[in-house]
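*Asks:* Going down the list, the protein sequences come from chains A and B.
First residue of the first sequence: 1462, per the numbering used here; consecutive thereafter.
First residue of the second sequence: 3, per the numbering used here; consecutive thereafter.
No lab work stands behind these hints, which were simulated from the structure alone.
Be careful, since some hints might not be right.
Taking lysine to any residue pairs in the SDA-like style, the calculated list, with each CA pair at most 25 angstroms apart, reads [what the hints assert, rightly or not]:
{"hint": "1", "chain 1": "B", "residue 1": "K202", "chain 2": "A", "residue 2": "K1724"}
{"hint": "2", "chain 1": "B", "residue 1": "K199", "chain 2": "A", "residue 2": "Y1745"}
{"hint": "3", "chain 1": "A", "residue 1": "K1517", "chain 2": "B", "residue 2": "F390"}
{"hint": "4", "chain 1": "B", "residue 1": "K199", "chain 2": "A", "residue 2": "L1750"}
{"hint": "5", "chain 1": "B", "residue 1": "K202", "chain 2": "A", "residue 2": "L1747"}
{"hint": "6", "chain 1": "A", "residue 1": "K1755", "chain 2": "B", "residue 2": "I313"}
{"hint": "7", "chain 1": "A", "residue 1": "K1724", "chain 2": "B", "residue 2": "A228"}
{"hint": "8", "chain 1": "A", "residue 1": "K1755", "chain 2": "B", "residue 2": "K345"}
{"hint": "9", "chain 1": "A", "residue 1": "K1677", "chain 2": "A", "residue 2": "E1694"}
{"hint": "10", "chain 1": "A", "residue 1": "K1517", "chain 2": "B", "residue 2": "V186"}
{"hint": "11", "chain 1": "A", "residue 1": "K1528", "chain 2": "B", "residue 2": "N385"}
{"hint": "12", "chain 1": "A", "residue 1": "K1755", "chain 2": "B", "residue 2": "K391"}
{"hint": "13", "chain 1": "A", "residue 1": "K1724", "chain 2": "B", "residue 2": "L362"}
{"hint": "14", "chain 1": "B", "residue 1": "K268", "chain 2": "B", "residue 2": "L381"}
{"hint": "15", "chain 1": "A", "residue 1": "K1755", "chain 2": "B", "residue 2": "A180"}
{"hint": "16", "chain 1": "B", "residue 1": "K185", "chain 2": "A", "residue 2": "K1517"}
{"hint": "17", "chain 1": "B", "residue 1": "K202", "chain 2": "A", "residue 2": "S1749"}
{"hint": "18", "chain 1": "A", "residue 1": "K1671", "chain 2": "A", "residue 2": "L1747"}
{"hint": "19", "chain 1": "B", "residue 1": "K202", "chain 2": "A", "residue 2": "M1737"}
{"hint": "20", "chain 1": "B", "residue 1": "K345", "chain 2": "B", "residue 2": "I358"}
{"hint": "21", "chain 1": "A", "residue 1": "K1533", "chain 2": "B", "residue 2": "I313"}
{"hint": "22", "chain 1": "A", "residue 1": "K1517", "chain 2": "B", "residue 2": "K391"}
To give an idea of the interface, some chain B residues facing chain A are shown, with a C-beta separation under 7 angstroms as derived from the structure [claimed, not checked]:
{"hint": "23", "residue": "L156"}
{"hint": "24", "residue": "N198"}
{"hint": "25", "residue": "I200"}
On a predicted model such as this, the values are computed, not experimentally measured, just so you know.
For glycine and all other residues, C-beta sits at the position ideal for the given N, C-alpha and C.
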Amino acid sequence: MYTRNLRIVTFAIVSMFFLHSFAENNWNVPADKKARNSTIKFDATTSKVGESVYTKNCVSCHGDPTKGNSLKSLSPVPPDLASAKTQELTDGELFYILNTGRVIMPSFNNVLSEEDRWKIISYIRSFNKDYVQQLSISDTNKSQLVKVDMAFDKKSNQITVTVKANEKTGVVSLKDDEIVLFANRYFGRLQIGESQRTTADGVAVFDFPKDLPGDKDGNVKLVVKVNDDTYGEISRLKTMKIGVPTDIPSMTADRTIWNVLFKPIWIIVLYTFGVMVFGCVLLYLLYSLNRLRKAGNI
Amino acid sequence: MATKSNTDKITSDLLRPIRLNKSFVIWMGFLGVSLVICLGAYGLQLKNGMVVTGLGDYVSWGMYISSFVFFVATSLIGMLISAVLGLSGQKWASPLARIAEIIALAFASVAGIVIILDMGRPERLLNVIIHGQIQSPILWDVTVVTVYMIISALFLYIPLIPDLKICSEKLKNLPPFARNIYKVLSLNWNNTPEQNKIIKQTTRTIAIFIIPVALAIHTVTSWLFANTSRAGWDSTIFGPYFVTGAFVAGTAAVIIAMYFFRKNYKLQDYITDNHFDMIGKLLVLVSLVYLYFNLNEYMVPFYKMKESEAILIRDLFAVNHAVLFWSVQILGLVLPIILLLFKKMRKPLPMLVIGIMVLLGAWFKRMIIVVPTQEHPYLPIQNVPLNFKIYTPTLVETLITIAPFILVLIIITLLAKVIPIIPVHETIEQLEDAPISPKGDLK
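Work out the full structure, taking the sequences as your base and the hints as a guide.
*Replies:* Structure (structure tokens):
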């Protein structure tokens, strides 16, 4: 009896501990990230864009905000993002959660653009009447001063990224910035190597894989992302002819019956033949009817 | 030999229904009003779009397409009775040929209309032709249904030519313009040996040609399903499975029509108990073949229980669609077969009841084939309202679905009002060949 009670008590304590740790909603967001704010002003338009991004990327797990119809089969259950608990988080925290993710909650850092991520937050905030936005004080135009160069060296098979800012006072190299390089794939982006930090000259070097498939001509769309404290997040796209030329027709390209582009000859022949036989029979019948009419004249 | 009085009796018996009477007007009035109500429902669908139906992204083929398959199926009976039985020398079936042809023509021509009901933008119908993809079974289907309709119309018309002449001569109480129409349509028929020969030749040509066409129309309809890889449709026996199912539905339709024509047109001497007996046996035969195909179609996947198929089979056998599935199989197929094995059951009234059971079963069977598969796609359905997952037809949709049935009844009633539904010329001719009294057995 005693041991049983003890077991129940232990169980209760343990479960309370677990419940507590979930209830705490603790995402451990670093203070500087927590204080981060959007440079985009939230309004009806941004929230509208946010809604459509949300519908594509989040609805499947989180359901419609305020409806409480998130996917209950997951553990933890994805919270309703209109709920008070989520709304208590700062914009910076939401942004951080979106960027990093946690176990089931995916990271959207490399999937959605920074702008889209903020617009989703704008959408999430539209369910909170008491919300007052604090705009980021950093200058949004600053990022436009940044020039990102990408060069490929065939011999070493390396990509050199150079990041510079054209300030009025002269050209400044951005040093010790985090640089991430991606190749665009069919679904999402593929990160190339590890992220690098720029040297004092604003240079980061990436080893490029020799076997990355490109399109028919070997073109690969590269995206480089720069994170700078002063200039913000910068991302640039460049198409380079450095992949392995690849042209694999889809497995069904030249055979399925529903294929729109490809008309199999045997079908054309059979169909035409069938229609022609019908035409002949029809002509014969009409001709016979005409003969029948004439044969009635006696 | 056919005596003059015999010939006259046959002629007057068979032409008697061709006149306006009260019951015809009441019946047509009833059909007309019902059709207007259903068209009103269709107006709603045109105005508001397909939201008025229970169709959606997952189940996009519901009652309309099931009806379409049913209509195409039923129309095959023309080929079975007039062509197959005719060519194989089954003389007993010849008085039923015209009824079968009328049913075939009515169902085939309305089948095309049923497809239009399923279109959210019917004004784009011509795109099927303009942007038709020759490798798409949908284009083949449009082609063969049209061909079958034309051939069925000729199959009805050509053997009718001598009767049209008889109509124009004997129906003295008709207004002259109506008799003129009969005359024009009878193409100068004078019963000359050469004309008789031409009729025989052409009828035979059509009888032979219509067999592959009819097989094609229902096989192609089955390919609309079988050429996809969805669980439940991905089957190699769908062609013959549909064709045999079609014979079951069509035979039931002919039985029902036989019963009403015999009763209302007082044709007891021409559509005899023997005809019911024979067509009852025919129904058993085609039903047994169909049962055999059902066994293959459900037993084989049930034995293997491949994952995707297993979900569907479980749903059909034991979950959502179980009641409908087993009712259709037992009440619409197994029970009729057992009942019809007894001679007592092959009498007109019991046959009518069985015919209705089989025909209803045939319609619901199409639902069982078309709908449940779509409720179980390969990718999971997530975060959608319940009514997206489980197809529930709406009232408006039901009314619209009824419309083509009314249309079929109108076509059959009208055709049966203007032409003798038992071939007059042929009956007299048979009498001349084999002297039997019209009272007796025509066998």
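*Asks:* Hint by hint, note whether the structure agrees.
*Replies:* Here is what the structure says about each hint:
no., hint, verdict
1, B:K202 <-> A:K1724, "41 angstroms, violated"
2, B:K199 <-> A:Y1745, "15 angstroms, holds"
3, A:K1517 <-> B:F390, "19 angstroms, holds"
4, B:K199 <-> A:L1750, "12 angstroms, holds"
5, B:K202 <-> A:L1747, "15 angstroms, holds"
6, A:K1755 <-> B:I313, "65 angstroms, violated"
7, A:K1724 <-> B:A228, "19 angstroms, holds"
8, A:K1755 <-> B:K345, "50 angstroms, violated"
9, A:K1677 <-> A:E1694, "32 angstroms, violated"
10, A:K1517 <-> B:V186, "67 angstroms, violated"
11, A:K1528 <-> B:N385, "11 angstroms, holds"
12, A:K1755 <-> B:K391, "63 angstroms, violated"
13, A:K1724 <-> B:L362, "40 angstroms, violated"
14, B:K268 <-> B:L381, "58 angstroms, violated"
15, A:K1755 <-> B:A180, "23 angstroms, holds"
16, B:K185 <-> A:K1517, "69 angstroms, violated"
17, B:K202 <-> A:S1749, "11 angstroms, holds"
18, A:K1671 <-> A:L1747, "71 angstroms, violated"
19, B:K202 <-> A:M1737, "24 angstroms, holds"
20, B:K345 <-> B:I358, "18 angstroms, holds"
21, A:K1533 <-> B:I313, "22 angstroms, holds"
22, A:K1517 <-> B:K391, "20 angstroms, holds"
23, L156, "6 angstroms, holds"
24, N198, "9 angstroms, violated"
25, I200, "5 angstroms, holds"
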